[in-house]
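Residue numbers (this note's numbering), protein chains in the order written: chain L, 1 to 462; chain D, 1 to 462; chain P, 1 to 462; chain Z, 1 to 462.
Keep in mind that the hints were calculated from the coordinates and are not lab data. Watch out, some of these pointers could steer you wrong.
Stated by the list, open to error - Dumping the calculated DSS-like pairs for lysine-lysine here, alpha-carbon to alpha-carbon at most 30 Å:
{"no.": "1", "chain 1": "D", "residue 1": "Lys38", "chain 2": "D", "residue 2": "Lys327"}
{"no.": "2", "chain 1": "L", "residue 1": "Lys357", "chain 2": "Z", "residue 2": "Lys357"}
{"no.": "3", "chain 1": "D", "residue 1": "Lys49", "chain 2": "L", "residue 2": "Lys379"}
{"no.": "4", "chain 1": "P", "residue 1": "Lys140", "chain 2": "P", "residue 2": "Lys430"}
Unchecked claim - Short derived list, chain L residues pointing at chain P, Cβ under 7 Å:
{"no.": "5", "residue": "Asp16"}
{"no.": "6", "residue": "Leu20"}
{"no.": "7", "residue": "Ser23"}
{"no.": "8", "residue": "Ser27"}
{"no.": "9", "residue": "Gly222"}
{"no.": "10", "residue": "Met290"}
{"no.": "11", "residue": "Gly303"}
{"no.": "12", "residue": "Gly307"}
{"no.": "13", "residue": "Arg321"}
{"no.": "14", "residue": "Phe353"}
{"no.": "15", "residue": "Lys357"}
{"no.": "16", "residue": "Ser461"}
Every value quoted in this text rests on a predicted model; they were computed, and no experiment measured them. Heads up, the beta-carbon is just placed ideally off N, CA and C, and yes, glycines get one too.
One-letter residues, chain by chain:
There are 4 protein chains.
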Amino acid sequence: MTGKKRSESPTALGLDPLALEYSASVSYDWALYPFDVKASIAHARMLGKQGIIPEEDARAIMRGLEEIEGEIEAQAFEFREDLEDIHLNIEMRLREKIGDAGARLHTARSRNDQVATDMRMFVKSACSLVVDGLSVVQGKLLDLAEANMGVVMPGYTHLQRAQPVLLAHHLMAYYEMLGRDIERFSACFVMADVMPLGAGALAGVPYPIDRAAVAAELDFSGISRNSIDAVSDRDFVVDFQYASAMTMMHISRMAEELVLWSGEEFGFVRMPRSLTTGSSIMPQKRNPDMAELARGRTGRVYGHLMGALTMLKSLPLAYNRDLQEDKPALFDTVSVLTSTLEILAAMLAGLEFDHTKMEAAAAGGYALATDLADHLVRKGVPFRDAHQAVAELVQYAEGQGKMLSELTLGEYHRFSAMFDRTVLGIDARKSIESRSVPGGTATQRVRAAIKEARKELKGRSS
Amino acid sequence: MTGKKRSESPTALGLDPLALEYSASVSYDWALYPFDVKASIAHARMLGKQGIIPEEDARAIMRGLEEIEGEIEAQAFEFREDLEDIHLNIEMRLREKIGDAGARLHTARSRNDQVATDMRMFVKSACSLVVDGLSVVQGKLLDLAEANMGVVMPGYTHLQRAQPVLLAHHLMAYYEMLGRDIERFSACFVMADVMPLGAGALAGVPYPIDRAAVAAELDFSGISRNSIDAVSDRDFVVDFQYASAMTMMHISRMAEELVLWSGEEFGFVRMPRSLTTGSSIMPQKRNPDMAELARGRTGRVYGHLMGALTMLKSLPLAYNRDLQEDKPALFDTVSVLTSTLEILAAMLAGLEFDHTKMEAAAAGGYALATDLADHLVRKGVPFRDAHQAVAELVQYAEGQGKMLSELTLGEYHRFSAMFDRTVLGIDARKSIESRSVPGGTATQRVRAAIKEARKELKGRSS
Amino acid sequence: MTGKKRSESPTALGLDPLALEYSASVSYDWALYPFDVKASIAHARMLGKQGIIPEEDARAIMRGLEEIEGEIEAQAFEFREDLEDIHLNIEMRLREKIGDAGARLHTARSRNDQVATDMRMFVKSACSLVVDGLSVVQGKLLDLAEANMGVVMPGYTHLQRAQPVLLAHHLMAYYEMLGRDIERFSACFVMADVMPLGAGALAGVPYPIDRAAVAAELDFSGISRNSIDAVSDRDFVVDFQYASAMTMMHISRMAEELVLWSGEEFGFVRMPRSLTTGSSIMPQKRNPDMAELARGRTGRVYGHLMGALTMLKSLPLAYNRDLQEDKPALFDTVSVLTSTLEILAAMLAGLEFDHTKMEAAAAGGYALATDLADHLVRKGVPFRDAHQAVAELVQYAEGQGKMLSELTLGEYHRFSAMFDRTVLGIDARKSIESRSVPGGTATQRVRAAIKEARKELKGRSS
Amino acid sequence: MTGKKRSESPTALGLDPLALEYSASVSYDWALYPFDVKASIAHARMLGKQGIIPEEDARAIMRGLEEIEGEIEAQAFEFREDLEDIHLNIEMRLREKIGDAGARLHTARSRNDQVATDMRMFVKSACSLVVDGLSVVQGKLLDLAEANMGVVMPGYTHLQRAQPVLLAHHLMAYYEMLGRDIERFSACFVMADVMPLGAGALAGVPYPIDRAAVAAELDFSGISRNSIDAVSDRDFVVDFQYASAMTMMHISRMAEELVLWSGEEFGFVRMPRSLTTGSSIMPQKRNPDMAELARGRTGRVYGHLMGALTMLKSLPLAYNRDLQEDKPALFDTVSVLTSTLEILAAMLAGLEFDHTKMEAAAAGGYALATDLADHLVRKGVPFRDAHQAVAELVQYAEGQGKMLSELTLGEYHRFSAMFDRTVLGIDARKSIESRSVPGGTATQRVRAAIKEARKELKGRSS
């Protein structure tokens with residue numbers, strides 16, 4: 001009996017065990033089961049309605065598939081590697097359950113369009129999941145920005161203190177990055193939102209199927225326009241890998257700053273102890289391991305992107321088995337990305353900033369030099385000349401071992417007669433508030449940006 | 001006098017020659033000049049209008065910049081490497097020409113927001129250029145598809161003959177791929193279409209500038225919302241590299257097929273001699289070098305994508321000099337991509353398909369086996385059983401050394417009683433026409449797809 | 001009691017479950033257990049001998065570790081994710097078994113040098129495994145070459161028939177590639193063959209340990225010379241990924257040819273049915289899925305290489321948790337590579353070449369044109385002139401629709417008076433035998449190459 | 001006359017200008033000229049000696065080639081893009097100069113083995129150049145280590161202060177990394193050191209050439225063993241890209257630390273002003289641009305590696321034009337790598353460390369906690385228990401806001417009765433000197449390491 005079943009399975013038929021092990025995918029593509037079941041139900045319903053298979057067979061198939069989904073969810077389904085992939089596992093179980101009617105399910109479709117359909121459903125679902133995760137992190141950034149609204153820190157260029165900024169403004173830079181990530185995942189969703197079912201093996205199918213009806217049931221916005229392209233296209237998978245790589249890149253930048261800021265030298269932030277680790281040998285450590293792991297996993301996702309691009313390079317049309325390799329890396333990326341967003345949200349929620357250290361750092365150094373140049377410009381000095389005068393003044397101050405705030409007006413005048421008394425009042429807060437251009441770091445601008453962001457977030461969730 | 005000027009240039013000031021050579025970018029970023037001039041003119045006009053610099057100085061600056069652009073276009077401009085980059089080259093020349101007024105141009109901006117603005121203008125322009133190039137290639141594909149409308153070829157899966165398709169249908173698969181590429185470049189354009197000018201070094205500027213006016217003059221749809229993000233963001237460059245990598249991937253698939261098809265074994269196509277090369281030692285060769293080079297250059301663009309992602313990994317905010325590395329690879333990708341699209345268009349325009357060989361290949365082998373299974377399904381045989389019967393029939397035919405068309409009805413009946421006489425009439429054309437599902441290879445469907453595509457193309461160009 | 005144990009485990013202590021899940025590695029690093037046990041035994045023995053811990057404690061530790069290894073091998077060991085990694089799992093089990101003595105094992109070492117040691121042992125072992133796999137494939141190539149010694153095929157450049165060669169010669173090209181791969185893995189072995197144990201967390205340890213003795217017991221050829229480098233270095237992992245990427249690249253070239261050659265157009269080779277698959281819809285197919293999967297998995301390994309490089313980019317010294325990411329990709333590469341070599345060996349062993357088709361292909365076209373040019377050169381015609389004359393002759397033949405073998409001496413003379421009667425005797429075999437330069441395709445040379453290769457292989461295995 | 005010459009050039013013949021521009025390589029492969037000339041001279045000498053061409057023609061060719069090399073070096077050579085590449089440019093010029101004899105040079109070779117030979121000579125030469133550059137940087141590291149021998153700094157893990165180390169020890173970690181880079185370039189040299197000349201187009205040549213003689217003249221250690229492999233192999237180029245990527249990775253780690261250490265927060269090091277830049281808007285900045293550029297260019301070289309691997313993926317044998325793409329990236333990598341090593345050497349030579357800040361950082365925090373645990377272990381406390389006791393002690397000290405050095409023996413005893421008075425004397429220097437295991441940070445060990453390194457360096461240069 002089992003022997004019979006085997007011989008009905010053309011893929012299992014006589015495949016060398018080594019080859020089976022090399023090619024079987026059910027150990028990972030089982031994750032496609034909810035999509036495979038849903039797509040098969042829609043396909044069967046349509047086949048019945050169009051009279052391509054008997055309506056009662058269609059009903060039996062649909063019922064059987066729902067039961068199978070229940071079995072899988074109840075972990076009562078035995079995945080058989082000798083049946084290669086999730087698709088054949090489900091189909092063979094269906095035939096076990098409902099007999100001959102089950103043998104009609106694969107009418108008017110091929111594994112090629114079937115797997116492409118499942119994968120697109122998976123990617124659409126993953127896009128939504130990731131967008132949710134990104135929105136949660138954005139929300140945490142807004143919370144942090146609001147909670148630390150008045151905190152001043154040095155803005156950096158070249159990792160050197162450049163100009164004072166609000167911490168909230170710095171945090172909002174990450175809000176913007178993640179916003180672009182959301183746009184990329186949305187674009188990926190649109191790319192994936194095209195149903196290939198009906199493309200058959202590669203040429204279309206010779207049955208009067210109703211592709212639009214199936215697409216509607218499966219929430220696809222449209223159907224593929226070319227059957228050869230439909231089965232050979234994995235662009236949407238690469239798009240997902242790319243959007244993920246960009247997100248991980250942004251997270252790696254944030255992680256880098258968390259690592260820097262939580263070290264003794266910066267000392268800007270303290271992570272919640274429950275998210276840091278000690279050391280097997282150095283008990284005093286409070287290591288930012290989660291940030292480091294997130295940063296390290298950036299490489300993993302970059303690698304998956306490169307792998308997908310390599311796989312597709314020079315591949316002739318239409319379907320080639322190489323395409324099976326789209327899956328392990330995709331599934332891994334989804335897992336890395338969603339877990340990283342979760343841990344990131346938890347980390348952000350628990351950050352405690354050391355306001356005193358941040359403000360002291362903003363006041364130290366010569367971070368107000370630009371403001372001095374701008375002071376001169378407002379007195380009519382051409383910018384480049386002002387810049388030059390201040391450069392010399394800073395050099396002088398450095399030589400004297402003085403902070404800018406320790407200079408006298410007389411000393412200022414050595415470098416330009418245009419300095420007036422108000423120059424002595426320039427400080428980090430004034431510097432910040434003066435930059436009230438749209439997008440600038442002045443408090444009102446940052447408040448407005450947060451407000452707009454809250455609206456965006458709300459709009460997305462509703 | 002020249003010495004004076006040098007000392008006014010803070011970057012040139014005392015930089016070690018080795019360091020200058022290592023860091024100077026004017027040898028490649030000169031390509032940004034039209035954008036730099038345009039952006040500086042808009043900036044100066046606004047500074048004048050807002051009363052930040054004297055109106056007459058603004059006018060002098062604008063006039064001077066126009067003259068400089070003329071000099072560059074007339075190749076009468078001497079680029080000085082000791083002035084590092086295109087921006088300082090232009091600014092110093094301006095000061096040579098108009099004196100002190102020139103020293104006011106850099107008021108209320110920084111190299112950081114200036115270069116980001118230029119780069120975004122460049123990328124927007126490159127996106128348009130590439131979309132044009134892609135549209136031209138799409139047009140050539142349509143021409144080819146129309147000119148070869150009736151031609152039958154074997155559709156391949158696993159590079160084995162699977163089912164007959166129309167050559168036009170196969171060509172239209174590439175039309176679809178390039179269509180997605182256009183969407184990616186359009187998305188990239190939107191990402192780039194945000195003006196950073198006004199972000200200053202990283203914190204915004206302390207002047208009453210009118211960012212909206214500048215954006216309007218420079219054809220930007222919007223302005224950046226966060227100054228720190230504005231100067232540290234190079235997402236749009238990576239987006240361009242990614243869209244380009246995907247396009248090259250598609251082209252590599254097309255190139256692979258051109259190489260395969262023009263070899264003696266397939267013999268499907270002949271390339272124009274003027275686009276093939278001979279051999280230094282084998283005079284008979286007609287090598288598809290252009291297709292091979294296009295395929296090989298795929299790696300180059302993949303590499304540039306990976307380079308950009310690597311550069312940005314773990315980079316703290318805001319501007320870091322690492323970002324300068326966005327340029328050489330971007331410029332190279334634009335050049336590779338536009339030249340590849342040009343040569344591809346030329347190749348496609350000159351292709352001569354060998355209809356006879358293609359049709360013979362479609363008729364050979366057992367490419368009609370699926371049609372036999374579908375024949376049985378239409379008689380009521382469950383698909384899997386039909387499939388199994390035909391599998392055995394093909395095995396039998398192979399064993400007998402017979403083509404399917406050489407089998408008798410009696411032989412058919414050995415494998416299923418359900419075969420009827422019409423099975424003898426199945427041929428490649430009938431197979432093709434039977435697949436008249438939307439997106440399928442039937443002639444009417446392919447004609448409709450071409451018509452729709454023509455409309456799309458026309459819509460884009462108008 | 002369990003509570004006590006937890007509180008002794010500093011890493012498990014109070015770690016947020018989310019963080020634990022994000023950072024725990026035991027689900028994959030359990031694979032290091034044989035190396036971890038062996039290294040700990042060597043460490044404990046040395047601690048005892050040096051009097052750093054009591055000898056009886058050392059003996060208890062060693063006995064305990066051996067038992068634990070037995071438990072793991074008997075699948076009687078319960079891996080606890082809350083103990084993070086394989087190292088702590090083993091150590092905690094040891095303390096369960098032998099009590100306080102177990103708490104002395106971690107004396108004079110750190111997780112940082114411990115994990116680096118285990119990883120190096122793993123990589124060394126993996127190198128040996130892969131070299132064995134490569135040697136097996138090389139052996140199959142030699143078998144094939146010998147079994148098909150007399151078979152003539154067209155040599156290709158630009159995938160166009162260029163000059164006739166022996167199939168055996170073509171196969172030996174792959175032998176050479178794999179030989180270079182073996183050299184790369186051997187170099188990687190040498191890189192990995194340096195013991196870091198003793199580096200402690202990063203600075204060395206303050207105990208009179210005997211590093212040389214431990215290294216000797218663990219079969220390391222040397223010990224690390226700088227403790228900071230020792231714990232932050234993962235070069236040997238990247239070296240392994242690189243050697244693997246190169247091997248997969250070579251295999252992708254072979255796989256590509258297997259796909260091409262087994263298609264109907266070339267028809268050069270038939271793969272064993274048990275290593276090919278049918279189609280869910282096209283029963284006649286005999287698809288080279290194993291070759292396609294191998295080709296597709298090339299991208300996976302390339303990606304892992306890129307991931308490792310990305311992980312290490314910009315990482316400050318010494319140990320950072322990012323380094324944990326070296327493992328999943330490494331383990332995956334080992335698995336992809338060893339399974340691919342196995343399947344490749346099986347495929348090669350089962351290949352049946354179609355000698356007739358290959359020879360016909362070698363005779364067809366104008367693959368002997370170079371030989372005609374060489375004929376003229378031997379008569380004294382300068383090479384470039386000979387080349388030109390033959391180019392014109394081929395063009396003439398093409399125009400006449402004639403093969404070269406169908407031309408008369410009279411026709412030859414139209415293009416050069418220097419052709420003599422022997423030109424009519426040139427054929428594929430003569431062409432092949434004439435190329436008897438070392439490394440050339442003449443039979444004696446190929447035989448000699450195979451003989452030398454056999455000797456190499458034997459030398460490696462003994 | 002010129003027309004005649006053109007028609008003799010089969011590649012230039014009738015190639016579409018677009019195609020010529022797309023395929024011509026002379027704009028970059030001119031860099032191969034010294035190798036091309038040298039290889040052609042050796043080839044001609046051998047042809048003459050073997051009687052394959054008249055001896056007097058051989059002499060004329062050699063003389064002509066030497067003159068041409070002179071012309072190129074004197075910049076008196078006009079490179080013609082219509083002659084495609086450096087090889088044809090030189091050959092055509094030779095024929096201009098010496099007439100018919102020149103037409104004999106290409107006897108018994110093909111562009112395929114010619115270009116492979118030139119490339120191998122180039123790579124060998126580049127390897128030597130890079131090894132020299134790496135040795136210079138290693139020398140600077142040794143100089144720095146010696147000049148700062150007594151300086152103490154905090155060793156970091158997770159970028160948190162972990163244990164005190166000698167700055168010299170930290171610098172020597174980089175010495176080790178670069179040492180491995182040298183080994184990789186040496187291995188690459190060996191891979192490249194095999195002469196392909198004699199492989200012809202792909203099958204060997206039908207002339208009695210003396211490959212060994214040519215190899216000897218060109219300083220190749222061996223000749224290729226398989227002609228097909230010889231013309232299709234670019235492993236040595238990828239090996240070079242890989243060795244370069246690893247070197248850039250190491251440099252990116254060093255650059256990252258230079259950026260960190262030169263910022264205000266760490267304040268460990270000051271770069272020479274002539275190697276830092278100011279800011280166009282912030283005159284006070286002393287930006288580590290050279291380090292940032294080096295770090296950024298890491299991505300460029302990673303990209304080139306990925307490009308080369310992609311190019312070779314799935315490429316059938318033997319020569320394909322894709323291979324031409326090995327060059328631009330290789331030349332760029334050589335230029336990036338050599339200039340980066342130069343600037344790095346200059347930077348290192350000019351570094352001024354702030355000993356006071358480094359030592360203060362080493363004393364701050366709880367970097368001596370491990371030493372306390374080791375103190376207990378030496379009293380017989382099992383390591384894990386000692387570790388636990390110190391963890392609690394550190395927590396207590398943190399709570400009290402005390403440094404470890406501020407605790408009384410009474411306070412120590414709260415956590416373990418085993419602490420004795422000597423615990424109060426533990427300081428950074430004692431900690432360092434206690435780690436006198438081979439490879440450890442104790443002064444004598446570091447001195448020994450430096451001495452050994454000096455010997456290595458001397459050995460290499462002699």
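Do the hints match the structure? See the list:
Only pairs whose Cα atoms come within 30 Å are accepted, and Lys38 of chain D paired with Lys327 of chain D is accepted, the gap being roughly 19 Å. At most 30 Å may separate the alpha-carbon atoms for a hinted pair to count; Lys357 of chain L and Lys357 of chain Z meet this at roughly 18 Å. A hinted pair counts as satisfied when its Cα atoms are at most 30 Å apart, and Lys49 of chain D with Lys379 of chain L qualifies at roughly 18 Å. In summary, the hint linking Lys140 of chain P to Lys430 of chain P is supported, as the alpha carbons are separated by about 28 Å, within the 30 Å threshold.
Satisfaction of the interface hint for Asp16 of chain L is found here, the shortest Cβ-Cβ separation to chain P being roughly 4 Å, below the 7 Å cut-off. Hint on Leu20 of chain L is violated. Least Cβ distance to chain P is approximately 10 Å, over the 7 Å limit. Interface hint status for Ser23 of chain L: upheld, as the beta-carbon distance to the closest one in chain P is roughly 6 Å, under 7 Å. Because the closest C-beta pair between Ser27 of chain L and chain P is about 12 Å apart, greater than 7 Å, the hint is violated.
Interface hint status for Gly222 of chain L: violated, as the beta-carbon distance to the closest one in chain P is roughly 24 Å, over 7 Å. With its C-beta approaching chain P no nearer than about 6 Å, Met290 of chain L sits inside the 7 Å limit, and its interface hint holds. Annotation: interface hint on Gly303 of chain L holds; nearest CB of chain P at approximately 3 Å, less than 7 Å. Hint status for Gly307 of chain L relative to chain P: holds, with the closest Cβ pair at about 3 Å, below 7 Å.
With a cut of 7 Å, the hint placing Arg321 of chain L at the interface with chain P holds, because the nearest CB-to-CB distance is about 4 Å. Look at Phe353 of chain L: its Cβ only gets to about 20 Å from chain P, farther than 7 Å, so that hint breaks. Hint status for Lys357 of chain L relative to chain P: violated, with the closest Cβ pair at about 21 Å, above 7 Å. Because the beta carbon of Ser461 of chain L sits about 22 Å from the nearest beta carbon in chain P, more than 7 Å, this interface hint is broken.
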